[in-house]
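S.K.: Starting from the known structure of chain V, arrange chain Y with the ligands on it as the hints suggest.
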Amino acid sequence: MKIIVCIKQVPETQEIRLDPITHTLQREGVKSIINPFDLYALEEGLRVRERQGGSVTVLSMGPPQAVETLREALTYGADGAVLLSDRAFAGADTWATAYTLARGISKLGGADLILCGKQAIDGDTAQVGPELAAFLELPYVAWARKLTFVESEVLQMERLLDHGYDGIEVRLPALITVVKEINEPRVPSFKAKLRAKSQKIPVLGLQDLELDQNQVGLPGSFTQVVKVFPPPARGERELWEGAPNELAQRLWTRLQKLKIG
Amino acid sequence: MAIIVDLDKCTACGLCVEACPFGVLRLEGERLIIGDGCNLCGACVEVCEFGALALPATAAPEPRPEVPPDGIWVFAEQRHGRLAPVALELLGEARRLAEILRVPVSAVLFGHQIHDLATELTAAGADKVYVVDHPRLAEFLEEPYAQALIELARRCQPEIILAGATYPGRAFIPRVAAALDTGLTADCTAFDLDLEKRLLLQTRPAFGGNIMATIVTPRSFPQMATVRPRVMKRLAPQPERNGQVVPVQVAALDEPGKSRFLQTVAEITETVPLGEAEVIVAGGRGLQDGKHFSLLEELAELLGGAIGATRGAVDAGWISYPHQIGQTGKTVAPKLYMACGISGAAQHLVGIQSSDFIVAINSDPQAPIFQIADVGLVGDLFEIIPALIQEIKASR
Ligand SMILES: Cc1cc2nc3c(=O)[nH]c(=O)nc-3n(C[C@H](O)[C@H](O)[C@H](O)COP(=O)(O)OP(=O)(O)OC[C@H]3O[C@@H](n4cnc5c(N)ncnc54)[C@H](O)[C@@H]3O)c2cc1C
Ligand SMILES: Nc1ncnc2c1ncn2[C@@H]1O[C@H](COP(=O)(O)O)[C@@H](O)[C@H]1O
Numbered sequence: 001m002k003i004i005v006c007i008k009q010v011p012e013t014q015e016i017r018l019d020p021i022t023h024t025l026q027r028e029g030v031k032s033i034i035n036p037f038d039l040y041a042l043e044e045g046l047r048v049r050e051r052q053g054g055s056v057t058v059l060s061m062g063p064p065q066a067v068e069t070l071r072e073a074l075t076y077g078a079d080g081a082v083l084l085s086d087r088a089f090a091g092a093d094t095w096a097t098a099y100t101l102a103r104g105i106s107k108l109g110g111a112d113l114i115l116c117g118k119q120a121i122d123g124d125t126a127q128v129g130p131e132l133a134a135f136l137e138l139p140y141v142a143w144a145r146k147l148t149f150v151e152s153e154v155l156q157m158e159r160l161l162d163h164g165y166d167g168i169e170v171r172l173p174a175l176i177t178v179v180k181e182i183n184e185p186r187v188p189s190f191k192a193k194l195r196a197k198s199q200k201i202p203v204l205g206l207q208d209l210e211l212d213q214n215q216v217g218l219p220g221s222f223t224q225v226v227k228v229f230p231p232p233a234r235g236e237r238e239l240w241e242g243a244p245n246e247l248a249q250r251l252w253t254r255l256q257k258l259k260i261g
Numbered sequence: 001m002a003i004i005v006d007l008d009k010c011t012a013c014g015l016c017v018e019a020c021p022f023g024v025l026r027l028e029g030e031r032l033i034i035g036d037g038c039n040l041c042g043a044c045v046e047v048c049e050f051g052a053l054a055l056p057a058t059a060a061p062e063p064r065p066e067v068p069p070d071g072i073w074v075f076a077e078q079r080h081g082r083l084a085p086v087a088l089e090l091l092g093e094a095r096r097l098a099e100i101l102r103v104p105v106s107a108v109l110f111g112h113q114i115h116d117l118a119t120e121l122t123a124a125g126a127d128k129v130y131v132v133d134h135p136r137l138a139e140f141l142e143e144p145y146a147q148a149l150i151e152l153a154r155r156c157q158p159e160i161i162l163a164g165a166t167y168p169g170r171a172f173i174p175r176v177a178a179a180l181d182t183g184l185t186a187d188c189t190a191f192d193l194d195l196e197k198r199l200l201l202q203t204r205p206a207f208g209g210n211i212m213a214t215i216v217t218p219r220s221f222p223q224m225a226t227v228r229p230r231v232m233k234r235l236a237p238q239p240e241r242n243g244q245v246v247p248v249q250v251a252a253l254d255e256p257g258k259s260r261f262l263q264t265v266a267e268i269t270e271t272v273p274l275g276e277a278e279v280i281v282a283g284g285r286g287l288q289d290g291k292h293f294s295l296l297e298e299l300a301e302l303l304g305g306a307i308g309a310t311r312g313a314v315d316a317g318w319i320s321y322p323h324q325i326g327q328t329g330k331t332v333a334p335k336l337y338m339a340c341g342i343s344g345a346a347q348h349l350v351g352i353q354s355s356d357f358i359v360a361i362n363s364d365p366q367a368p369i370f371q372i373a374d375v376g377l378v379g380d381l382f383e384i385i386p387a388l389i390q391e392i393k394a395s396r
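Just so you know, the protein sequences line up as chains V and Y, in that order.
All letters in the first sequence, in the order written, are residues 1 to 261 by this note's numbering.
All letters in the second sequence, in the order written, are residues 1 to 396 by this note's numbering.
With the rest of the complex left out, here is chain Y:
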């Protein structure tokens, strides 16, 4: 498959060569050559003034003909009876898409003794809630979760499946996509629709957020994506909304698996997980000692936030790895990111650049963190943070 060139129309003007984001087009004399690495992004087709370039035709993906497609599914992640906020956010987004596509929205709920959650899901926008209640689903485990979703999706054929880009979501959804022979777009931050082809336009950051890419799944069914928490809008709950609760059996769960859950080893002692936090107060080596994280904790508590850290702070043993943000840690996108005593190494910045508002406190006016911070405070964090804590307390 490649871009189709109409040699009669091509004037070798070179516009497309310049427009190609991947630099794979070149002119050899009067002849346009499409080199290796073309991924059919279509940038050249758009700029061609002579209509000489075309994308190969794609048809809308289709389900098995004998089963009517089942609209949009949202994987309703829960743990110990608490729904992950991203599940409700996704229901809000699914409703928006469903109104345009004129299809129903279903939530898919896995767990053990979790029927109570169904009403929360209908109030958040689900027309239908498929519930698979099984002891093997009581705790998250890749194998049974994947088996259950694969079997259900094969049976009912949703047109689109959305799940949170959380640790569990990103662990088992790829296996479902592979088994269903379909594509999967990871960690999306925005959706749109190509109504003509019924394609979900899935936008996600790549290369550590330096580039955004829009991706489609044009020839397989269903279309699947995981979605970053905190980017989609949940609806105001409508408790009076009616929804259908559909308990379903999954045969694959009755066979013994090759993996099993043993026990929870350690809980991260934080009330808000980093991925869901609206405010993150993060510390780096500028804190000079692990005990000074207590200063950040006091501030985080006042702001209802969570604690993040650089690799520098984690490697020094001041705080545990789950707090690490950046290339080899977590990617976060809070409303407010407060970087305290952080230099702003590129590997740290890739994990925070989707934050809405970044504040940096650093004594070195040349610190690279100031290049990305919306507000940079030049000064000693040991003076500024206590003053800020005082200020907040006084205003309440």
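Bound-form chain V, shown alone:
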């Protein structure tokens, strides 16, 4: 079974702020991490490999330094890693990202199972997975919390919706996006860490993927950011201390004023 896990390098979002005066993005010193949801996708890929045999390749599109993220993924036990990187890919929206990833996957000879995280914590769009499935013309299911193989090519899963969980069956090849509940990621093994250090991570660019520069990056994106601004400031904050029943009374009066309850 050939498994590809798509992982994204993201900034730790809680540290990203807009400078209130200059309106510029403060990103100095902000750490890059593997998108947390993608770790669950990776862990699930490794577990499927352990049960069904095969190989796990981690794939990322991003700037050259995203190679660090891929190397980190190798320490968890992925067999191989590939980075799609080119100046021309810069500024890609979800459409152009998915388009580029789809071409990368085709160049790698396709896969039986493609796993993505539920969403990336920088853009929070949750769009790349389903769009990638569209370009690869694969069936897909979003928000899976449990995967079970009933045959070598038939996968059953439980997937999260607002009302609860549904059981869904899908025939491979397919793409699945996973939620956190699906597993508990392992700790990187010492052996894999050693191996990852010297492992080669191929980097594929525009020409390797035989893409036109108008299909990728900013020119290939259909959405365009026209403005960024800080969220509206919250009102004055109040800190109350006192006896519990006083606090309760005061709070209930306030809530009623706000027409809550």
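There is no bait here: all hints are sound.
Pairs of lysine-lysine, DSS-like flavour, derived with a Cα cap of 27 Å:
id : chain 1 : residue 1 : chain 2 : residue 2
1  : V       : Lys31     : V       : Lys200
2  : V       : Lys2      : V       : Lys197
3  : V       : Lys259    : Y       : Lys393
4  : V       : Lys259    : Y       : Lys335
5  : Y       : Lys233    : V       : Lys259
6  : V       : Lys191    : V       : Lys2
7  : V       : Lys2      : V       : Lys200
8  : Y       : Lys233    : V       : Lys257
9  : Y       : Lys233    : V       : Lys227
10 : V       : Lys107    : V       : Lys197
11 : V       : Lys193    : V       : Lys2
12 : Y       : Lys197    : V       : Lys227
13 : Y       : Lys197    : Y       : Lys233
14 : Y       : Lys330    : Y       : Lys291
15 : V       : Lys257    : Y       : Lys335
16 : V       : Lys227    : V       : Lys31
17 : V       : Lys31     : V       : Lys193
18 : Y       : Lys393    : V       : Lys257
19 : V       : Lys2      : Y       : Lys258
20 : V       : Lys31     : Y       : Lys330
21 : Y       : Lys128    : Y       : Lys233
22 : Y       : Lys291    : Y       : Lys393
23 : V       : Lys227    : Y       : Lys330
24 : Y       : Lys258    : V       : Lys146
25 : V       : Lys146    : Y       : Lys330
26 : V       : Lys227    : Y       : Lys9
27 : V       : Lys146    : V       : Lys2
28 : Y       : Lys335    : Y       : Lys393
The following label-pair restraints were derived from C-beta to C-beta distances:
id : chain 1 : residue 1 : chain 2 : residue 2 : range
29 : Y       : Gln244    : V       : Gln156    : 38 to 46 Å
30 : Y       : Ala54     : V       : Gly164    : 47 to 55 Å
31 : Y       : His112    : V       : Pro11     : 42 to 50 Å
32 : V       : Ala233    : Y       : Ala54     : 27 to 35 Å
33 : V       : Gly110    : Y       : Ser363    : 50 to 58 Å
34 : V       : Thr253    : Y       : Asp380    : 17 to 25 Å
35 : V       : Gly53     : Y       : Leu195    : 55 to 63 Å
It is worth saying that the hints were derived from the structure and are not from the lab.
Ideal placement from N, C-alpha and C gives every residue a C-beta, glycine not left out.
M.R.: Then chain Y with the ligands, alone, in the frame of chain V:
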């Protein structure tokens, strides 16, 4: 594509360099350099006092010429014959936009034996209701839902498609956008219009709500967005409003799919889903034991709310994952969020910062939750919450 610089007009004053939110502009001597990562946001164009900078021209997106565009579509999400509240909210917003654009509003209803819902949709603002009634649409499944909307949109060419940013909406709408070769903006919280170019200005939070971004889809058709529940205003229902109900056939549904619905495995035993709840009472590790969630449940019931939790509480096994709020859980925006025994870790806060009003109860006056709470109560939740429950009961 890049910002166009008129070197004759540029005085290398550096104003634009400071204004660039992405820090990609720099001066090398007297020369302005536009580095990698420019996303044409236009902040530099706005501040340039010399008219030296311009955005590349964009034209309004256009449909296939032989088909007249079909106005604004709202995906009318339903499950087992109950409409998702966000569908009605979106019809209210679509009406507002439609009055300005002078186009009709249509609701698109998928399911099996759901014709009855059409009147609710016209009363909420739809001029037309497209109904696709098919057994394969009885339960939500990405493949057939996407196929049906793709086929319909290709046929009728709506100018704008809006859908709720719910679990089903966010699962299948991206596939529709990809197939239609158009952009999609996720989880929007506000819309405006650029009338000159007929562009929908779509505003959404990014980076966990630390930043707001306004996004347009200037060169593809239709313009598509998913919208967060509870931010748009529904109209008061007008049962007397006339609407046209249009049953439609979708050929793609007659082919067997590669995925199928098996059964519902587990229902979340909550009357109000977190995403729709006006009040959320949430508990963290300060509850000290899973059984103490019953205290929050009693309060939530009095307030007509739902129960949320931190990852700390979920990981301790006190409550199930669907209740988790934050970076690796759900994002919520209720009228009232009551954080009980929650420290206020950044990963939790990103999931709640769009709430209208936040109340925190924590015994530690230094807890970071107090930095974001509108009202912070310093004290023991085991004393304050029972007192609050008493207070509410006494007042009714
Ligand atoms: C990648 C990543 C993703 C994460 N995603 C999420 C996420 O999605 N959601 C999330 O919630 N967390 C998330 N976390 C975890 C987060 O960092 C915190 O660990 C978690 O939110 C803490 O939960 P807590 O507030 O319940 O527990 P604690 O931090 O232990 O806080 C308990 C609080 O209760 C107070 N308290 C104790 N007793 C009482 C009492 N009797 N009365 C009143 N107050 C009392 C204490 O003063 C304390 O402030 C994530 C972490 C990582 C690394
Ligand atoms: N640049 C990228 N490279 C590899 N995978 C990505 C990239 N962007 C998004 N993904 C995958 O798509 C998922 C959803 O991302 P998003 O649509 O950005 O929220 C992530 O969890 C990843 O699995």
